Amino acid sequence: YGRLHDRGRIRSGLEWRKEIGARVGNSLRGRQRNDCPHHSVELIIAMNISALIPISEVSQVGEARRRIGSLAINIGLSETVRGQVAIVVTELGNNLVKHTGGRGGSLVFRALSGEEGLGIEILSLDQGPGMSNVALCMTDGYSTAGSPGTGLGAVSRLSSCFDIYSLPTGGTAILSETPDPHGVEDL
4 YGRLHDRGRI
14 RSGLEWRKEI
24 GARVGNSLRG
34 RQRNDCPHHS
44 VELIIAMNIS
54 ALIPISEVSQ
64 VGEARRRIGS
74 LAINIGLSET
84 VRGQVAIVVT
94 ELGNNLVKHT
104 GGRGGSLVFR
114 ALSGEEGLGI
124 EILSLDQGPG
134 MSNVALCMTD
144 GYSTAGSPGT
154 GLGAVSRLSS
164 CFDIYSLPTG
174 GTAILSETPD
184 PHGVEDL
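If you count by the working numbering, then the sequence shown holds residues 4 to 190, one letter each, in order.
Treat the hints as calculated values from the structure; they're not laboratory data.
Warning: the hint list may mix true and false statements.
Cβ-Cβ distance ranges computed for the label pairs, FRET-style [stated by the list, open to error]:
hint	residue 1	residue 2	range
1	N136	N77	31 to 41 Å
2	H185	Q130	33 to 43 Å
3	A138	E82	30 to 40 Å
4	L139	G104	13 to 23 Å
5	T83	G104	19 to 29 Å
Taking lysine to any residue and the SDA-like style, the derived pairs with C-alpha atoms no more than 25 Å apart in a straight line are [claimed, not checked]:
hint	residue 1	residue 2
6	K101	M141
7	K101	I56
8	K101	L126
9	K101	R70
10	K101	A138
11	K101	S146
12	K101	M134
13	K101	A54
14	K101	I76
15	K101	I167
Just so we're clear, the structure is a prediction, and the values are computed from it rather than from any experiment.
We put the beta carbon where it would ideally sit given N, CA and C, even for glycine.
Start from the sequences and build out the full structure, keeping to the hints where you can.
Here you go:
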């Protein structure tokens, strides 16, 4: 199967992630459409499933926000955290449109589960011009596109884990993880 399917490989990221396919400890109240609405329903998250959304125009940012928002609803994130995830997706998606010289990029996302609760991981990838000074680009009010310049700072503040890797003329990778410590919300 090759490297992608090698479960023995070293995994990176936060320590709070659980094993792939781990069962979430919280249970959900049964819905009316279930045969027995008074029984609990157990939620199982397939942590190894991720999705990629290519973004090269503004309309695709809205589609990404809807798809990732749907995942956030399906795994039971609170309304507050769903709003935070929507802001992160919008900012990262708009950056892919504005700062890549028309080349665009991709948002890769997946659900997370662990001690800090459920959450969403978003990875923004592009092959644009990159950032020559990441610290300056992170400063609120700094913009190379004539915008307010608060996007990366907002993404950083809304993320429990945030990282940027950028090469001038080589592209940028931005990682954002947004957990929901309040557990699973009734769906």
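Verification of the supplied hints:
Against the hinted window of 31 to 41 Å, the Cβ-Cβ separation of N136 and N77 comes to about 39 Å, which satisfies the hint. Between H185 and Q130, the C-beta spacing of about 38 Å keeps the proposed range 33 to 43 Å intact. Separated by about 33 Å at the C-beta atoms, A138 and E82 satisfy the suggested range of 30 to 40 Å. Between L139 and G104, the C-beta spacing of about 19 Å keeps the proposed range 13 to 23 Å intact.
Take T83 and G104: their Cβ atoms lie about 35 Å apart, and the range 19 to 29 Å is violated. Among the hinted pairs, K101 with M141 is consistent with the structure: their alpha-carbon atoms are about 16 Å apart, no more than 25 Å. Between the alpha carbons of K101 and I56 the distance comes to roughly 16 Å, so the proposed pair stays at or under 25 Å and holds. Between K101 and L126 the CA atoms are separated by roughly 17 Å; this keeps the pair inside 25 Å, and the hint holds.
Restraint check for K101 and R70: satisfied, since their Cα atoms lie roughly 21 Å apart, inside the 25 Å limit. In summary, the hint linking K101 to A138 is supported, as the alpha carbons are separated by about 19 Å, within the 25 Å threshold. Annotation: proposed proximity of K101 to S146 holds, straight-line Cα distance about 11 Å (limit 25 Å). A C-alpha spacing of about 13 Å is found between K101 and M134, which places the hinted pair at or below 25 Å, so the restraint holds.
A distance of roughly 22 Å separates the Cα atoms of K101 and A54; the hinted pair therefore holds under the 25 Å criterion. Taking the CA atoms of K101 and I76, the gap is about 28 Å. The hint is violated against a cut of 25 Å. Straight-line distance between C-alpha atoms of K101 and I167 comes to about 17 Å, which keeps the hinted pair within the 25 Å bound.
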